[in-house]
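> Top line first, the protein sequences correspond to chains A and B.
Going left to right, the first sequence walks through residues 1 to 428 as the UniProt record's numbering numbers them.
Going left to right, the second sequence walks through residues 1 to 428 as the UniProt record's numbering numbers them.
Simulated from the structure, these hints should not be mistaken for laboratory data.
Where hints are given, some of them may not hold.
Computed from the model, here is a short list of chain B residues facing chain A with C-beta under 10 Å [stated by the list, open to error]:
1. Phe44
2. Asn92
3. Lys100
4. Ser120
5. His125
6. Ile188
7. Tyr330
8. Arg359
9. Pro417
In silico negatives: residues of chain B with every beta carbon more than 12 Å from chain A [said to hold, decoys possible]:
10. Ala55
11. Ala303
12. Thr338
13. Thr414
On a predicted model such as this, the values are computed, not experimentally measured, just so you know.
Where is the CB? At the ideal position from N, CA and C, for every residue including glycine.
Number of protein chains: 2
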Amino acid sequence: MAVQTVASSTSGSTVDLGPAAALSCRECGHRVPLGPVFACDKCFGPLEIAYDFSAYDTEELRKKIEAGPANIWRYAPLLPVPADVADKPNLNPGWTKLVKADNLAGELGVTGGLYVKDDSGNPTHSFKDRVVAQALEAARAFGFTTLSCSSTGNLAGAVGAAAARAGFRSCVFIPHDLEQGKVVMAAIYGGDLVGIEGNYDDVNRFCSELIGDPAGEGWGFVNVNLRPYYAEGSKTLAYEVCEQLGWRLPDQIVVPIASGSQLTKVDKGLQELIKLGLVEDKPYKIFGAQAEGCSPVSTAFKAGHDVVRPQKPNTIAKSLAIGNPADGPYVLDIARRTGGAVEDVTDEQVVDAIKLLARTEGIFAETAGGVTVGVTRKLIESGALDPTKTTVVLNTGDGLKTLDAVAGTGLTATIRPTLDSFREAGLV
Amino acid sequence: MAVQTVASSTSGSTVDLGPAAALSCRECGHRVPLGPVFACDKCFGPLEIAYDFSAYDTEELRKKIEAGPANIWRYAPLLPVPADVADKPNLNPGWTKLVKADNLAGELGVTGGLYVKDDSGNPTHSFKDRVVAQALEAARAFGFTTLSCSSTGNLAGAVGAAAARAGFRSCVFIPHDLEQGKVVMAAIYGGDLVGIEGNYDDVNRFCSELIGDPAGEGWGFVNVNLRPYYAEGSKTLAYEVCEQLGWRLPDQIVVPIASGSQLTKVDKGLQELIKLGLVEDKPYKIFGAQAEGCSPVSTAFKAGHDVVRPQKPNTIAKSLAIGNPADGPYVLDIARRTGGAVEDVTDEQVVDAIKLLARTEGIFAETAGGVTVGVTRKLIESGALDPTKTTVVLNTGDGLKTLDAVAGTGLTATIRPTLDSFREAGLV
Chain A
1 MAVQTVASST
11 SGSTVDLGPA
21 AALSCRECGH
31 RVPLGPVFAC
41 DKCFGPLEIA
51 YDFSAYDTEE
61 LRKKIEAGPA
71 NIWRYAPLLP
81 VPADVADKPN
91 LNPGWTKLVK
101 ADNLAGELGV
111 TGGLYVKDDS
121 GNPTHSFKDR
131 VVAQALEAAR
141 AFGFTTLSCS
151 STGNLAGAVG
161 AAAARAGFRS
171 CVFIPHDLEQ
181 GKVVMAAIYG
191 GDLVGIEGNY
201 DDVNRFCSEL
211 IGDPAGEGWG
221 FVNVNLRPYY
231 AEGSKTLAYE
241 VCEQLGWRLP
251 DQIVVPIASG
261 SQLTKVDKGL
271 QELIKLGLVE
281 DKPYKIFGAQ
291 AEGCSPVSTA
301 FKAGHDVVRP
311 QKPNTIAKSL
321 AIGNPADGPY
331 VLDIARRTGG
341 AVEDVTDEQV
351 VDAIKLLART
361 EGIFAETAGG
371 VTVGVTRKLI
381 ESGALDPTKT
391 TVVLNTGDGL
401 KTLDAVAGTG
411 LTATIRPTLD
421 SFREAGLV
Chain B
1 MAVQTVASST
11 SGSTVDLGPA
21 AALSCRECGH
31 RVPLGPVFAC
41 DKCFGPLEIA
51 YDFSAYDTEE
61 LRKKIEAGPA
71 NIWRYAPLLP
81 VPADVADKPN
91 LNPGWTKLVK
101 ADNLAGELGV
111 TGGLYVKDDS
121 GNPTHSFKDR
131 VVAQALEAAR
141 AFGFTTLSCS
151 STGNLAGAVG
161 AAAARAGFRS
171 CVFIPHDLEQ
181 GKVVMAAIYG
191 GDLVGIEGNY
201 DDVNRFCSEL
211 IGDPAGEGWG
221 FVNVNLRPYY
231 AEGSKTLAYE
241 VCEQLGWRLP
251 DQIVVPIASG
261 SQLTKVDKGL
271 QELIKLGLVE
281 DKPYKIFGAQ
291 AEGCSPVSTA
301 FKAGHDVVRP
311 QKPNTIAKSL
321 AIGNPADGPY
331 VLDIARRTGG
341 AVEDVTDEQV
351 VDAIKLLART
361 EGIFAETAGG
371 VTVGVTRKLI
381 ESGALDPTKT
391 TVVLNTGDGL
401 KTLDAVAGTG
411 LTATIRPTLD
421 SFREAGLV
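Build the full structure now, drawing on both the sequences and the hints.
Have a look at this one:
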């Protein structure tokens, strides 16, 4: 796909990351050149990518996107990646199905159109492939040779797979006592997988130390020193939803909250599409979904607080179990500004929602998908979500990765191999 | 997608399954009207779909396909489905990635272009979604209301999911002592899942009895009375490979063998594309891949036999473990006619090949994918497969479904959360 590359105008950097012009502090607006940094040197606020989209013509851009590949690189002109990104070896995630969920809509009483954005269709079956793909391009641009992260699950596999395909070494750090299945899913790609004697906090602390040490030289930690690039991958969820709706904004979108980064980037993506003229400028509401056992943001939302008080996670939705979500305050702001809400559901409701989605639409979601579907149901019942409006629910992962959560699901009947025995079972 | 529907000309039937004109016996050529039957009433040979493609103009057809949806229904004009199939609720499988596997090619010494057709990207993560989607349309056409099958794994989930989305009841039969993980994957979609006290043969025998019994009235068994329709789904693998190569035939294609049906339909699909003028008519070779522990077809191939002697399966590649493959003789014929071969690999080689594919391309394959990659390597070493030619290897399923096979894969190191401990581990 030939795209217009806008040179970095303010940074003076020679790094080619397409339309990415600089890093900009989300708190104080201070700009710094593109580089493997994540905190503002003035105020320690989080850095994010600032773009120069000024050269784009709306209809030319739309045509370029529509003629692009069936993956996230159709949006290369809007991402911090070089224009020829699609020619480089990577897993090409994205362009997952937006499923019109009429059966689920019937059960939930939604009449305005209900859609499930099913990110289990990504190469390693979670939305993490989207964000890792951006971090990989940044790692290439900065000359890193090892791709790394701290992880308790989906991210480890996504990094291992992407690094294998791209010819990077990978070294991923996890708590040493993870379930064997998760270890296999991460180790199969042949990179180094290091178990740390400690919990996830210890793993994170160790990674931060390693970044400042000579031993970590040449290492890109996708969710630490490459975080500003990594996080942008979630914008592609917003782009795809709108394009798949026929270049329309949804009225309502339900997004899971772990660190909160995904929700803030979905909002950023929708805002960009409006500014670029690719969709009509009209109101939309963003809803955040948490599990009750790790609900620091929904607790703050309901209490009317601006500050998020950390919690100790205890939920089956482990991919959302971040007790001190970095982007929590931004999530609160977006939910309130758009007229959305943040809600949570119990583990039992998560399991019910996983089964509901599977039974109605044939989609087997990870626990995080159970959280968004469960919260959608709860928000409809409470009246916070309008069932007459177009609503999109994100499923960010695959049920095969969290089989334990629904381990109670089993046989309807056990019979002898005879017709009499079958008739006795009462199934006909 | 608007397509030309060719009315059934020979059957007198009122069933609308697009270009499907009749069922035709693969042995004696006897034609019967489209219906839920699978064996010839003259000679008991297997029935397959006979099409009327006579009205198609090559370039119009190509344009229709290219403008079609990003799933198997882009090929609706070549499948036994109604023209409006894409508007009906189903899982929309297919159009999975054809990955240019340059890293794997480097390891195997392939210089002519090596591609992995990665069917783990399907909705329930195996190629079974392709075949079930065809059976579902046949079930709709014949007025069935329950979708059923006998299964030991992938098929149960594919049927359960497709039935849920399409609003069919499902009732799937499995051996009662299947692993809990496989039971969960099949049961999650909410259909009836019946455990039969006995082995897979007992399950199959029971299903055949049920078809002839009033208790089975209105039931479509995807792999029994709907088998002629079901089997056609594998043609879409051939279509997609050729279109994704830029409407070119591959020189060599490596296909796994369970019943052998998939390999025969890949050949049928390639032949159809040649006859329709969508690809150039040139020679191609089809290779069959089996696990040594269930290698009735490769044993017959190597011995020069036309008859396949049944074996008792004993391999980790359970999705290929059919000891008495119905299409074995047809597979032998195709491998010999095209200049291909049938080869097998040990379970150890299967595991090595799974790891090789994951390490080089970031693709985590099911054991069946380990079989095809392992056989590809063996065929290159023996000289049967030409490394200077364009070669496509099928991966028909997802590694998450056969984690047990690679359960030995684990941590590179376990360390304390300190830089000293990390340095001692010798990873930097």
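> Which earlier hints turn out false for this structure, listed by number in ascending order?
1, 7, 13
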